[in-house]
Each structure stands twice: as C-alpha cells, then as structure tokens.
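Work out the full structure: start from the sequences and follow the hints.
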Amino acid sequence: MELLTIAVPKGRPYGETVQLLRSAGIAGPELTAEESRALMITCPALSTRFIIARDSDVPTYVEHGAADLGIVGKNVLMESEPKVYELLDLGYSACRFILAAPAAADPVRLLDGSAARRVATKYPRMTEAYFSSRGLQVETIFLHGSIEVAPKVGLADMIVDITETGRTLKENNLAIIDNLWTSSMRLIANRASYRLKAERIGPLVQRLRELMAG
Amino acid sequence: MNVPNSRNQIPEGVRDQLPREAAQMRRLADRLGEVFGTWGYREVVTPGLEYLETVTAGAGSLGRREDLYQLFDRKGRTLALRPDMTTPIARVAATKMAGEPLPLRLSYFAPVYRYRAQKAGSVSEIWQAGIELIGAAGAAADGEVVALACGALAASGLEGFKLGLGHVDFVEGIFAEAGVDRATEEALKEALVARDLVAFEKGVREAGLPGEKAELLTAMASFQGSYEQAVARFGGVGESGAGRVVRALRELGTMLQLLAELGVAGQVSLDLGLTRSLGYYTGVVFEGYAPGVGSPVLGGGRYDNLLADFGGRLPATGFALELDRLLVALERQGRLPGAPGLDAVVECPPDRVGEAMAAARELRGRGLTVEVDLLGRTGAELVKYARARGARVVSLTEGTGGEAGEVLEARRRLRVAAVTPIH
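Those protein sequence lines, which keep their order, are chains Y and U.
Heads up: the first sequence runs through residues 1 to 214, numbered per our numbering.
Heads up: the second sequence runs through residues 1 to 423, numbered per our numbering.
Simulated from the structure, these hints should not be mistaken for lab results.
None of these values were measured; they are calculated from a predicted model.
Worth double-checking, as some hints may not be accurate.
[Stated by the list, open to error] Once the Cα atoms are required to be at most 25 Å apart in a straight line, the calculated DSS-like pairs of lysine-lysine come out as: (1) Y:Lys10 / Y:Lys122; (2) Y:Lys83 / U:Lys202; (3) U:Lys189 / U:Lys213; (4) U:Lys213 / U:Lys202; (5) Y:Lys152 / Y:Lys122; (6) Y:Lys83 / U:Lys189.
Set out below in structure tokens:
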C-alpha cells in the first residue's frame with residue numbers, strides 16, 4: 001500500500017490528535033500518546049508516517065507536499081491561508097478569536113477611531129482584516145507568545161488572541177470586547193495528493209466522519 | 001558608495017532565469033512545442049500588453065481586477081499585462097484569423113502576469129505553454145485536448161501525474177437542482193474553487209436546504225470515484241435542472257470511453273466538484289496534478305462563449321501548462337533535462353587568434369559546442385576555467401598529449417599541437 005504521510009501538531013492538541021488517529025485506524029502504537037522526541041514516526045503495518053511539527057508549520061508541510069495530509073487549527077489556516085484543501089472539521093481544540101482589553105479600559109473609547117490604537121497579536125493578518133472590516137485603523141504589534149501580558153507592560157492597548165475558556169484572560173485582568181471568529185482542528189490535504197492518493201484519503205475521511213458522527 | 005537600493009533588485013514576484021534554468025525552461029518548452037506541432041497546433045505570439053477591455057472580456061473572467069497589472073499609454077488609455085493567454089488568442093482567432101479554415105489549432109509559450117499576494121513560492125510572472133482548439137465542439141474535440149494534455153505531460157518526462165475531469169454544467173445543474181439563492185451559490189462556489197469542504201458544508205447547512213438537496217451538494221463537492229459510481233449517485237438527478245446534470249455526465253462518459261480507447265484512462269479521473277477560478281468556462285474542465293506539487297501543473301477546459309465577446313461565436317477549448325510548477329515536479333523526480341554542455345575551450349594566445357577561431361569553427365562543424373578563450377589564458381588557469389564549465393581544453397601549442405575521443409581526433413585533423421583532456 002502506498003505510504004501516506006500526515007503532519008500533526010505538537011503541543012496542546014497532540015494527545016487528542018493521536019487518540020483520534022488511533023481510533024480511526026490510521027496510527028498504530030508507534031505513535032505514542034505522549035509526545036516523544038522523535039519528529040518522524042512510521043507505522044509500517046498501516047503504511048502511514050507522521051511528521052510531528054509546530055502547528056504553524058503543518059500547513060507548510062502539506063502545501064509543499066512533504067505531507068499528504070495535516071491536522072491543524074483553523075486559527076493557523078486563517079492566518080497563513082495556505083494552498084491546501086480543507087476536508088473536515090474535526091471539532092476538538094475549539095477556541096475563539098477574541099479582542100480583549102484591560103477590564104478597566106472603556107471599550108467605546110478604545111474603538112472610537114480617533115487615534116491609532118496598538119493591538120498586540122500572534123495573528124497580524126487576521127487582526128488587520130478585522131479592524132479594516134470595521135473601518136478602524138490600528139497599529140498591529142506582532143508577538144510570538146504571551147500576548148496577554150502586552151497591555152500590562154504598556155506595549156499595547158488591546159490584544160487579539162485565541163482562547164478556549166477565557167481563564168488566562170481573567171488572570172491577566174483582561175475583558176473580552178468582541179468575539180471575532182471560532183476555530184477548531186481541521187483535516188487538510190495537499191492538492192495533488194488529494195487526487196493522486198484518492199483511494200487512501202477517501203476512505204480515511206469517511207472513517208473520521210463516522211467517528212465524529214457517533 | 002550610495003547606490004539606490006532597488007537598482008540591483010527586481011520587483012516582488014518575478015525572477016531571473018540564469019543559464020541553467022533558462023536552458024531547462026527552453027528545453028521543456030521545445031519538447032512541448034514539438035508535441036503540439038505534431039498534433040497540428042501552430043504557434044502564435046501575442047503582445048504582453050493588451051487593452052484592459054480585452055483581458056477582462058469573457059463575463060468577468062479572472063474576475064479580480066486587482067490581480068491585474070495596469071498601466072496607461074500616452075493617450076491615457078488603460079492597458080494591462082495579459083493575465084492569461086486564452087483571451088488574447090480568442091481575440092486573434094475571432095479577428096485576424098477569422099477567415100481561416102476551421103478548426104484553428106494554435107499553441108503558445110509565453111509569460112502571463114497576475115498579481116499574487118507575496119509569499120514563498122508565489123510568482124506574478126507565470127510562464128505557460130499551451131494550446132487552444134477553436135471551432136470544434138463535442139466530445140471528440142474535448143477528448144483530443146485532454147489526450148494532448150496527457151501526451152504533453154508524458155513528453156515532459158513527468159511520472160505519476162493525474163488529470164481531474166469535471167464539467168461546468170454538472171456543477172451548475174446540481175446548484176439549480178438544489179435551488180439555492182444567488183448569494184449562497186456564489187459563496188459556495190468560492191469554497192468549491194478553494195476546495196474548502198468545511199466552509200462548503202457549513203454554507204450548505206446554513207442555507208437551510210431540505211436534507212436531500214443538501215446531501216446532493218456535499219456529495220458533488222467531495223465526489224471521488226468511477227464513472228459508474230457517478231452515474232449511480234447522480235444519474236437520476238435533474239428533471240427540474242432541465243437534464244443538465246445528466247447531459248454533462250453523459251458527455252463525461254463519452255470522453256472517458258474515448259480516453260480509454262486512447263490508453264490514457266489510467267491518468268484521468270472524475271472530479272465532479274472541480275470548479276476553476278476563471279469565469280469563462282462552459283463545459284468540460286480539467287486540471288493536472290503532479291506528485292509533491294501543491295498546485296495544478298495544468299489547467300483548461302471548454303469556453304464556448306468567449307469568442308463571442310470578440311465577435312467570433314465559435315466553440316473553443318484548450319489548456320495551459322504551468323511551466324515553473326512542472327519544472328519543480330520534474331526536478332523532484334530527477335527528470336530535469338540537463339543543460340546542454342560545453343565540449344571544448346580552444347586556447348587562444350593573442351598572436352594566434354585567427355588560428356584559434358579557425359580551429360573552433362572546424363570543431364563546431366562536427367557538431368561540438370566550442371568556445372574560444374578570449375581572455376588569453378594558458379596552462380593551469382585555462383584548465384581551471386574549462387573544468388568549471390565541464391569542458392576540455394584544446395591547446396594550440398605543443399604540450400602533453402591527450403586521448404579524448406572526438407577532441408583528440410580534432411587534433412589530428414587540425415594538426416592542433418595538443419589536447420588536454422580534463423575529465
């Protein structure tokens with residue numbers, strides 16, 4: 001059987017991803033439930049191979065054909081707009097894109113458009129798209145992480161970030177001003193593999209669909 | 001020194017082809033041109049600059065005007081760099097070649113220009129080679145074009161490619177059958193072009209269609225399978241869609257039959273949700289995919305209404321190969337043609353230029369690729385240069401003897417004093 005390569009993200013969604021892949025019969029015991037140090041794991045019996053990558057790199061692997069399929073959050077896809085096919089909403093790791101500011105700040109004044117506000121985010125493209133759709137001009141400050149600290153240290157007036165429960169926001173004394181979009185994990189496919197390996201990808205999508213339905 | 005920064009740079013989205021790449025592109029284009037030629041397709045060259053009205057013909061083809069490079073001529077008229085080759089060729093076919101016997105079989109090798117958001121690997125100057133078959137409708141014409149597409153990809157040396165085959169009327173018919181409103185249809189088609197099945201299914205759910213109609217749309221979007229499976233699933237559709245779906249399926253069936261007879265059935269599969277971003281397609285559409293390349297290496301289809309925009313009213317079909325992507329695919333498979341090499345460098349002392357050039361001419365006459373060393377180098381210095389070019393040195397002076405086949409023979413004929421083999 002032709003080898004199928006799947007890119008899966010490290011970090012928080014890893015455990016649930018492995019669980020899903022195993023119950024769908026795509027991954028064997030070689031893909032351990034705990035993240036190991038291995039960056040590439042092969043399951044010879046199932047003719048599958050897994051690339052363990054940073055979530056923001058998953059679309060890159062898939063777009064360029066290093067992986068046939070990938071599992072990645074919609075938030076990552078929205079920011080990078082890779083040329084891949086989005087096949088399935090896997091539902092887990094659900095989170096929201098939110099706009100938040102210090103609880104004490106007046107949201108109306110922050111968004112009155114009278115002065116360019118500074119917004120810290122890991123998602124500059126989505127942030128600009130959101131504000132320009134509201135006709136507001138802001139200065140986007142790109143950070144790799146710890147976005148919620150930015151207002152406290154005077155780096156920004158607001159933040160655009162993703163949140164699952166809103167707890168980190170509360171801990172940092174931030175209040176949600178607006179809910180922008182929702183996100184969850186998606187199954188993506190390389191556009192050539194989708195055709196060239198159709199006889200492997202088709203049944204796999206079907207199995208995942210059935211798993212999620214019941 | 002205060003050199004302006006941009007002087008040594010080139011704009012985003014374009015690139016230089018250095019000799020090796022230029023040779024690979026040229027060889028690939030020659031190979032494809034040869035195939036097109038043997039099928040009776042004649043090359044045309046159209047200008048890179050067209051009037052804006054020309055390139056935007058075809059009912060909003062390439063709908064996104066912001067993707068165009070626009071400029072003004074001295075009379076203030078708006079010009080555009082052509083964003084595709086099909087429209088200019090339709091213009092030529094409908095105007096300057098209007099009196100010619102039909103069908104017209106035309107081919108091209110040229111760059112087209114579309115502004116692309118700049119990210120890794122996206123180019124705005126896109127080299128294409130392709131064909132247009134104008135004045136012939138029906139399955140035989142569609143079949144010829146798809147078979148030629150397979151032939152061209154095979155001739156390029158590419159292995160393991162696949163063509164996905166769809167039909168505009170099939171998609172339109174399914175939409176008509178499902179009875180979605182205009183705005184929803186636009187949104188769903190956009191999702192279909194990007195093959196964002198999640199957005200497509202979400203759009204279908206939100207449209208609040210009866211279960212059966214919703215099911216029909218999602219089945220179309222994700223269909224992968226044989227013709228028999230397609231007929232089983234969609235063959236009963238379309239009493240209200242005026243039979244468009246069934247007719248489109250029948251056309252695809254006839255074509256698949258023909259392609260099977262031509263022995264290329266294995267390279268073609270049905271892709272019923274296939275929707276191309278260009279707006280002018282009217283019938284069978286197709287895309288070609290190569291292993292490891294995320295974007296199609298080939299795309300085309302039937303466009304029966306485009307020539308009417310130029311006063312032509314002729315059915316037409318054709319395809320374009322994306323040469324940069326094809327070269328990437330070939331390189332991955334280790335199937336890139338090697339650049340033509342240099343056979344020999346003739347030593348050229350300043351006082352014996354005529355002799356050196358005569359020697360070179362003699363060698364070229366025997367089909368070798370030969371340079372004369374204009375920098376007057378000798379000995380190790382010349383050998384070093386020749387080695388860098390993968391060539392041998394032909395020395396006019398007495399020196400160490402060589403034993404290098406053709407070049408050695410040249411020495412005998414030319415009474416060149418010595419030949420220094422490099423390899």
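Checked hints:
no.: 1; hint: Y:Lys10 / Y:Lys122; verdict: holds, 17 Å
no.: 2; hint: Y:Lys83 / U:Lys202; verdict: holds, 20 Å
no.: 3; hint: U:Lys189 / U:Lys213; verdict: holds, 16 Å
no.: 4; hint: U:Lys213 / U:Lys202; verdict: holds, 14 Å
no.: 5; hint: Y:Lys152 / Y:Lys122; verdict: holds, 17 Å
no.: 6; hint: Y:Lys83 / U:Lys189; verdict: holds, 16 Å
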